[in-house]
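A.B. asks: Once you have looked at the hints, place chain Y with the ligands on chain P.
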Amino acid sequence: MSPSHSQRPSQEHGVTETPILEIRGLSKAFGPVKALSDVRFELKRGEIHALCGENGAGKSTLMNMIAGVLQPDHGEILIDGTRVSIPSPSAAQRLGIALVHQEIALCQDATVAENIYMAAINARRAPLMNFNRLYAEAQKVMDLLAPIPVRTRVADLSISNQQLVEIAKALTLDCKVLMLDEPTAALTESEAQRLFAIVRGLRDRGISVVYISHRMAEIFSLCDRVTVFRDGHYVATDPIAQSSPDDVVRKMVGREITQLYPDKLAPQEPGRLLLSVEGLSDGDRFSGVNLELHAGEILGIGGLIGAGRSEIAQTICGLRPAASGTVTLDGKALHIRSYSDAVKAGLVYLSEDRKGSGVFLDMPIAANVSALDLGKLTGSLGMLDRKAEDRQASDLTRQLGVRMAGIDARVSTLSGGNQQKVAIAKQLSIDPKVIIMDEPTRGIDVGAKVEIHRLLRQLAAKSTGIIVISSELPELIGLCDRVMVVREGKIAGELGADELGEEAIIMLASGVRNSSNQEKQAQNVA
Amino acid sequence: MSPREAGETLMHAEIKADGARRINFARLASMREAGLIVIILALCIAMSFASPHFLTWGNFRAMLMSFSIEGIVVVGMTILLIVGGIDLSVGSVVCFSMVVSGALFLAGLDPWTASLIGIGVSALIGAAMGFFVTVVGLNHFITSLAAMVIVRGLCLVITKGTPLSLFTLPPAFKAVGQGSFHGLPYVIIIFVVVVAIFDFLLRRATAFRKVFYTGSNEKAAQFSGIKTKQVKFWVTVLCSTLAGFAGVIYMARFGAATPTFGAGMELNIIAAAVIGGASLNGGSGTIFGAILGMALLSVVTSSLILLDVSVYWQDMIKGCILLAAVSIDHFLHRKKS
Ligand SMILES: Nc1ncnc2c1ncn2[C@@H]1O[C@H](COP(=O)(O)OP(=O)(O)OP(=O)(O)O)[C@@H](O)[C@H]1O
Ligand SMILES: [Mg+2]
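Chains P and Y, in that order, are what the protein sequence lines are.
The first sequence begins at 1 in the working numbering and counts up one residue at a time.
The second sequence begins at 1001 in the working numbering and counts up one residue at a time.
Next up, chain P with everything else stripped away, as it sits in the complex (with noise of 0.2 Å):
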């Protein structure tokens, strides 16, 4: 379609601008599933810019042909003009290209320090390793991010600290061409900023970043320049100065999103008492907390990464052993002794850690939606009524708009995304009196965001209690009817609807007004 190309491009204005990294026409399809065609892509040096786009656009799929860990189709990959092939990840490291990959890709078994080391170990050419100075010089560049020792084993680290190991690791490759994708999904706004102040500074000494992100606000605050692509095909770059967040999103979307998050709960009427925790402990991460859930409300919790969110969540839920305290439902004293009780009781948890422990990567979707209640599908003599089950995940995926090739398809072939829309399916997919979700819309596109939020709201109005654990503090206002903040495994306070704001939420969350040393002290704990 396009004139043939010269191998010097954009000469005009005789300043020789080469764009470090370009991509032109290129394409690619898993099966018959197309995941991107003929898109291009152009990235100046020392530009942050950022990739947007739904779930399932086809953004993950261009930097893994970038960094070498698939390979495209069709089309071309330039770099600073040249024409290049990348047939593996240590060729484009060779070619200053690093990927800070969606999904976690660490050695769970290696400390910190060697998963930050690794491509520097793995190039080494002495055969011995001087383990003290891989410790200094990785805790130094974890310091930069966040305080994490870095002698702890990675499987030791929650999510988020994971993912700062994950944006340590690539900070150590001496690279042109820095590439992030979602790295923000399970960060909080501290860690955010920091992160953000890094990446300026890379900006400034001449590296370009390509920046994956669905929070518009974060782009419009970092980003240079912005590209848009649609179920797999380009849409348009524009600068950030001439483009404002409602008129990416249209791009995204190919509609105009008008209301971001649904109506709140009238003010005056909570429910009946549905959850209540007293005096909960685990003897290590958190002790004292108190909490309360009525029907028909979705209660926020806000705090630091480390706070010890998902630890009170988890341990409510028999997912860890409780060392004092009493958690009511409904009415009722719970004795839980393992989750399958909690479930049985009405009580669900969706995990932060979806790869993890969120859905069955080589299982098809349908299967991944119904784990949670076998029982229900269950006809007589204990066997599985594969339609209805089929049916259900229909239902479910479609409501939640799942971009996918069948719910036959396993969940390893969707993009990150939609694991995550399946792990909310499932949760979906019975009738509880509680939900517990943690993190639930990490890596959901704005359109799909507006949906779950719905559903959310849908569900609390038929009186099922929510409780929403989020980093991303629009979320918690503008979904939430009351937020509880944690800090240092304690509740450090609670926001009614009227006092709810960023501000409110980060000075609760770091115990401070202004001093940025006690937010420190409040990191530590990760």
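None of these hints come from the bench; they were simulated from the model.
This structure is a prediction, so every number in the text was calculated from the model and none was measured.
Worth double-checking, as some hints may not be accurate.
To be verified - No more than 30 Å apart at the CA atoms, straight line, and that leaves these computed lysine-lysine pairs for DSBU-like:
no., chain 1, residue 1, chain 2, residue 2
1, P, K355, P, K332
2, Y, K1219, P, K332
3, P, K433, Y, K1229
4, Y, K1160, Y, K1174
5, P, K387, P, K376
6, P, K264, P, K44
7, P, K387, Y, K1219
8, P, K332, P, K462
9, P, K376, Y, K1160
10, P, K344, Y, K1227
11, Y, K1219, P, K376
12, P, K490, P, K355
13, P, K344, Y, K1229
14, P, K433, Y, K1219
15, Y, K1227, P, K433
16, Y, K1229, P, K332
17, P, K355, Y, K1229
18, P, K264, P, K462
19, P, K251, P, K332
20, P, K490, P, K332
21, Y, K1229, P, K387
22, Y, K1219, P, K490
23, P, K376, Y, K1227
24, Y, K1160, P, K332
25, P, K140, P, K264
26, P, K332, P, K387
27, P, K387, Y, K1227
28, P, K264, P, K251
29, P, K140, P, K387
30, P, K344, P, K376
31, P, K376, P, K462
32, P, K387, P, K433
33, Y, K1219, P, K355
34, P, K344, P, K355
35, P, K355, Y, K1227
36, Y, K1160, P, K344
37, P, K462, P, K344
C.D. replies: For chain Y with the ligands alone, kept in the frame of chain P given last:
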């Protein structure tokens, strides 16, 4: 519209049509099974030219007989592989069940009760392994390796190292292993029934779906309220129980209980399951596939014998075939996903 654009539009249309057709993963699995069937048939045809004895009912019956009883053990092993475990002790347990039942019979018990006890103690061995795996937290490989040695030792202790001669077994009992119904050996009938039942259950029963969840991602299964330890425990017990069941059929067939019987059987069984598509990482496998894997190994063995290949070479050739089959499968699978 340029020709190229037109072509692309057309291509899009085709892709849409293709995408609309649901990718059926059950069908993908059955494609693997179809592949195995093709390989087995091809081998049979080639062999029928090479040896006039191959395509005879007698030879087929012999082959079927030879893998029927092992096939019962393969069923249990496949389910255990799906849950993410492995059992190296099956050969020893087969022998143990045989030796215990035989010894009890010689001590004066009637053979049916003796057999039930033999199967029962096999289940207990499974329960013991299940305990070490789920409560103590050891892995299946090490636990069953230890069990393999311990149980073999017990067989030697019980028999004092010499085979038990059981020619006094009543004819009604011997018939289970040696008799036939209208020319069809009972052994084959039992095998087909066991396979049919478990294949059906594995595809359809809710309880067995939990086996797939646990093997696919144990943590996610726990986070779905599935008691994964229980699942692993019972599958371990099931595998040993089926091995014990096979043991008593062997006893009926041979009218003897040899303390060294079944040594090395576990490798053949694991190989069959893996050729048939069971993954050592858990989460996938079918019983029908595993039985086809067994059939393939059996056809190969029979061919090697008929072709007069020296016994010294046979193991090596079988090993190479295992490697080839698994490599091809791995390659095909990589391409698919
Ligand atoms: N291995 C695979 N097999 C089959 N289809 C795949 C595979 N990987 C990706 N796809 C498909 O390619 C499309 C693009 O996926 P991709 O991961 O690039 O989306 P994305 O833009 O990164 O979305 P998200 O915002 O959810 O991360 C999706 O429709 C997805 O289902
Ligand atoms: Mg992605």
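A.B. asks: All the hints need checking, so say for each whether the structure fits it.
C.D. replies: Hint by hint, here is what the structure shows:
Restraint check for K355 of chain P and K332 of chain P: not satisfied, since their Cα atoms lie roughly 34 Å apart, outside the 30 Å limit. Distance hint between K1219 of chain Y and K332 of chain P is fulfilled; the C-alpha atoms sit about 28 Å from each other, no more than 30 Å. Annotation: proposed proximity of K433 of chain P to K1229 of chain Y holds, straight-line Cα distance about 26 Å (limit 30 Å). Pair hint K1160 of chain Y plus K1174 of chain Y holds up; C-alpha atoms about 24 Å apart against a cutoff of 30 Å.
With a CA separation close to 13 Å, the supplied pair K387 of chain P and K376 of chain P stays within the 30 Å bound. The hinted pair formed by K264 of chain P and K44 of chain P fails the criterion: a straight-line CA distance of about 44 Å is larger than 30 Å. Distance hint between K387 of chain P and K1219 of chain Y is fulfilled; the C-alpha atoms sit about 27 Å from each other, no more than 30 Å. Between the alpha carbons of K332 of chain P and K462 of chain P the distance comes to roughly 20 Å, so the proposed pair stays at or under 30 Å and holds.
About 54 Å separates the Cα atoms of K376 of chain P and K1160 of chain Y, which puts this hinted pair outside 30 Å; it is violated. Between K344 of chain P and K1227 of chain Y, the direct Cα distance comes to roughly 12 Å. Compliance with the 30 Å bound is thereby established for this hinted pair. Pair hint K1219 of chain Y plus K376 of chain P holds up; C-alpha atoms about 22 Å apart against a cutoff of 30 Å. Note on K490 of chain P and K355 of chain P: the hinted pairing holds, with a Cα-Cα distance of about 28 Å set against a maximum of 30 Å.
Between K344 of chain P and K1229 of chain Y, the direct Cα distance comes to roughly 18 Å. Compliance with the 30 Å bound is thereby established for this hinted pair. With a C-alpha separation of about 23 Å, the suggested pair K433 of chain P and K1219 of chain Y falls inside the 30 Å cut-off, and the hint holds. At most 30 Å may separate the alpha-carbon atoms for a hinted pair to count; K1227 of chain Y and K433 of chain P meet this at roughly 21 Å. Pair hint K1229 of chain Y plus K332 of chain P holds up; C-alpha atoms about 28 Å apart against a cutoff of 30 Å.
Using a Cα cut-off of 30 Å, the hinted pair K355 of chain P and K1229 of chain Y holds, with the two alpha carbons roughly 21 Å apart. Straight-line distance between C-alpha atoms of K264 of chain P and K462 of chain P comes to about 14 Å, which keeps the hinted pair within the 30 Å bound. At most 30 Å may separate the alpha-carbon atoms for a hinted pair to count; K251 of chain P and K332 of chain P exceed this at roughly 50 Å. Taking the CA atoms of K490 of chain P and K332 of chain P, the gap is about 25 Å. The hint holds against a cut of 30 Å.
For the hint linking K1229 of chain Y to K387 of chain P, the alpha-carbon distance of about 29 Å falls within 30 Å, and the restraint holds. With a C-alpha separation of about 27 Å, the suggested pair K1219 of chain Y and K490 of chain P falls inside the 30 Å cut-off, and the hint holds. Distance hint between K376 of chain P and K1227 of chain Y is fulfilled; the C-alpha atoms sit about 17 Å from each other, no more than 30 Å. Proposed proximity of K1160 of chain Y and K332 of chain P is contradicted: the alpha carbons are some 61 Å apart, above 30 Å.
Of the supplied pair hints, the one linking K140 of chain P and K264 of chain P is violated, its CA atoms being roughly 45 Å apart against a limit of 30 Å. In summary, the hint linking K332 of chain P to K387 of chain P is not supported, as the alpha carbons are separated by about 35 Å, beyond the 30 Å threshold. Distance hint between K387 of chain P and K1227 of chain Y is fulfilled; the C-alpha atoms sit about 25 Å from each other, no more than 30 Å. For the suggested pair K264 of chain P and K251 of chain P, the alpha carbons sit about 28 Å apart, so the restraint of at most 30 Å is met.
Between K140 of chain P and K387 of chain P the alpha-carbon distance is near 56 Å, which puts this suggested pair outside the 30 Å criterion. For the suggested pair K344 of chain P and K376 of chain P, the alpha carbons sit about 12 Å apart, so the restraint of at most 30 Å is met. At most 30 Å may separate the alpha-carbon atoms for a hinted pair to count; K376 of chain P and K462 of chain P meet this at roughly 20 Å. Among the hinted pairs, K387 of chain P with K433 of chain P is consistent with the structure: their alpha-carbon atoms are about 26 Å apart, no more than 30 Å.
Proposed proximity of K1219 of chain Y and K355 of chain P is supported: the alpha carbons are some 10 Å apart, at most 30 Å. Restraint check for K344 of chain P and K355 of chain P: satisfied, since their Cα atoms lie roughly 24 Å apart, inside the 30 Å limit. Taking the CA atoms of K355 of chain P and K1227 of chain Y, the gap is near 20 Å; set against the 30 Å cutoff, the hint holds. Note on K1160 of chain Y and K344 of chain P: the hinted pairing is violated, with a Cα-Cα distance of about 53 Å set against a maximum of 30 Å.
A C-alpha spacing of about 19 Å is found between K462 of chain P and K344 of chain P, which places the hinted pair at or below 30 Å, so the restraint holds.
The structure fails hints 1, 6, 9, 19, 24, 25, 26, 29, 36 (numbered hints given earlier, in ascending order).
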